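Novice: Please build the complex by placing chain B on the supplied structure of chain A, with the hints as guidance.
Residue numbers (the numbering used here), protein chains in the order written: chain A, 40 to 189; chain B, 4 to 277.
Incorrect hints may have been included.
Stated by the list, open to error - Only some residues are given here: those of chain B computed to face chain A with a beta carbon under 10 Å:
{"#": "1", "residue": "25"}
{"#": "2", "residue": "27"}
{"#": "3", "residue": "52"}
{"#": "4", "residue": "157"}
{"#": "5", "residue": "222"}
Claimed, not checked - Quick list of the computed label-pair ranges, beta carbon to beta carbon:
{"#": "6", "chain 1": "A", "residue 1": "71", "chain 2": "B", "residue 2": "102", "range": "42 to 48 Å"}
{"#": "7", "chain 1": "A", "residue 1": "73", "chain 2": "B", "residue 2": "275", "range": "48 to 54 Å"}
{"#": "8", "chain 1": "A", "residue 1": "101", "chain 2": "B", "residue 2": "112", "range": "25 to 31 Å"}
{"#": "9", "chain 1": "B", "residue 1": "115", "chain 2": "A", "residue 2": "136", "range": "53 to 59 Å"}
Stated by the list, open to error - Just so you have them, the derived chain B footprint on chain A, three or more residues with Cβ under 8 Å:
{"#": "10", "region": "63-72"}
{"#": "11", "region": "89-103"}
{"#": "12", "region": "127-133"}
{"#": "13", "region": "169-178"}
Because the hints were derived from the structure by calculation, they are not lab data. From a predicted model like this one, the values you see are computed outputs, not experimental measurements. Cβ atoms here follow ideal geometry from the backbone N, Cα and C, with glycine treated the same way.
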Amino acid sequence: MASSVGISAPVIGQALSVTTLASLNFGSVPQGTPTTVAPTAAGAGAWQVQGEKGADVTISFILPVLLTNIQALPGSTMPITFDPTAARWNRGTNNVATAAVFDPSTGTTAKLGPASSPAIYLWIGGTVTPAATAKPGIYSGTIVVTIAYL
Amino acid sequence: MTPSRLSFALLVTARALSAQGVVIAPHAVFIDARTRSGAVLLYNPNAEPAEVSVSFFFGYPVTDSLGRIVVDSIRADSTSPSAAGWLQAFPRRLSVPPLERRTIRLLAVPPSPLKDREYWARLVIAARGGSLPVTGAADTARVKVGLTLEVRTVIGVFYRQGAVQTGVAVSGLRTALVGDSLAVWARLTQLGNAAFIGTVRAVLVDASDRTRAALKAPIHVFNTMQPRYTLSIGALAPGRYRLKLELSSEREDLAPELVLPSPTVRDSVEVSVP
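So here's chain A without its partners, still in its complex pose (with noise of 0.2 Å):
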């Protein structure tokens, strides 16, 4: 859907924005075996960044370690990791496919797609591992992404 959005400022002629397409979603996952979602996987996070055409961003996350049961008795845990190659980002074209991967504890820099698509897309996945006694409910956590314009 595209929306006409009417910003006005004095200072500039141009907008950023960060979208997140989708959250990274294990869904269900069984209790005792390491359940990974790649970034390529329709459960990954996503997200579409938009500014001016050729800018350079840099992309850098906060990724946590540890989910939390929401729902059942506090204390109920589940480790999740990223491994090297658990990022993607392409200039300017919506493609995980033909995305370059980097990894999401170090970060990148990227620039912003020419002006038919100043826009860069990022995807990242994970690995949980659930204990065999993991307790039911909804494991949580947050994943922190920042796109600093330089």
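Specialist: Same frame as chain A, but now just chain B:
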């Protein structure tokens, strides 16, 4: 910098479905010592409210050992041109309803006296959607995992006190063939007492001065940096070429009155393709 002067509009592609995040304008804020105030507008194009918080830190783009440009938080000391400690945002926390706009006012309360120059900070706008992305949440008999995504957008804030001027110097221009690309490095040094804001252009020409590859990118130079650029050159015939580098104070994305003028700087270096 009053709201009555707000004068432009732009089209932004917004996403429906589960999209989160806010549109932020401008992507750089310039505040002068006369008004000591600025504004950032937020628009929430989504169907759910966005919870937004605002903070500042001192930092500016620098280059790492690979020539990548990164923004790091820098520990400010008494000689640092940091405005982070005396900039205030109102409000610092807010909720932006769906399809609505909100304005964050920025107020500078600098120490006095303040030396003439440009002072820098980074504004962090953190936006978080409200819902947990797990389907079948009512089914409490299974183990389910869903992560919420928070977006932090970092933009530059420039406070100009008194007479400010800028420029840039280029040195150490060099290139290297890397596969089907030409890597370009240069040492860029900010002149004057304000950051250089402009555009960098690199053009590879052949012996007939025909352009064989080119790039153009916006650039900010704070103090000194050594960025690496890459030109896609494909399969070039063996021979001698010349890489021309130009930095000018033109910016398509900034109002002209905000960009400090400075002389265009050029350098070039020979490129030999074996």
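Novice: It remains to establish, for every hint, whether it holds in the given structure.
Specialist: Here is how each hint holds up against the structure:
1. 25: holds, 7 Å
2. 27: For residue 27 of chain B, the interface hint holds, since the closest Cβ of chain A sits about 5 Å away, which is under 10 Å.
3. 52: This interface hint is violated because 14 Å lies over the 10 Å limit.
4. 157: Nearest chain A Cβ about 4 Å off; hint holds.
5. 222: holds, 8 Å
6. A:71 - B:102: 42 to 48 Å: The hint (42 to 48 Å, Cβ to Cβ) holds, given that residue 71 of chain A and residue 102 of chain B are roughly 45 Å apart.
7. A:73 - B:275: 48 to 54 Å: holds, 52 Å
8. A:101 - B:112: 25 to 31 Å: holds, 30 Å
9. B:115 - A:136: 53 to 59 Å: holds, 57 Å
10. 63-72: holds (count 8)
11. 89-103: As far as the region 89-103 of chain A goes, the hint holds, because 8 residues have Cβ atoms under 8 Å from chain B.
12. 127-133: Result for this restraint: violated, n = 0.
13. 169-178: holds (count 7)
Of the numbered hints given earlier, the model fails hints 3 and 12; all others are met.
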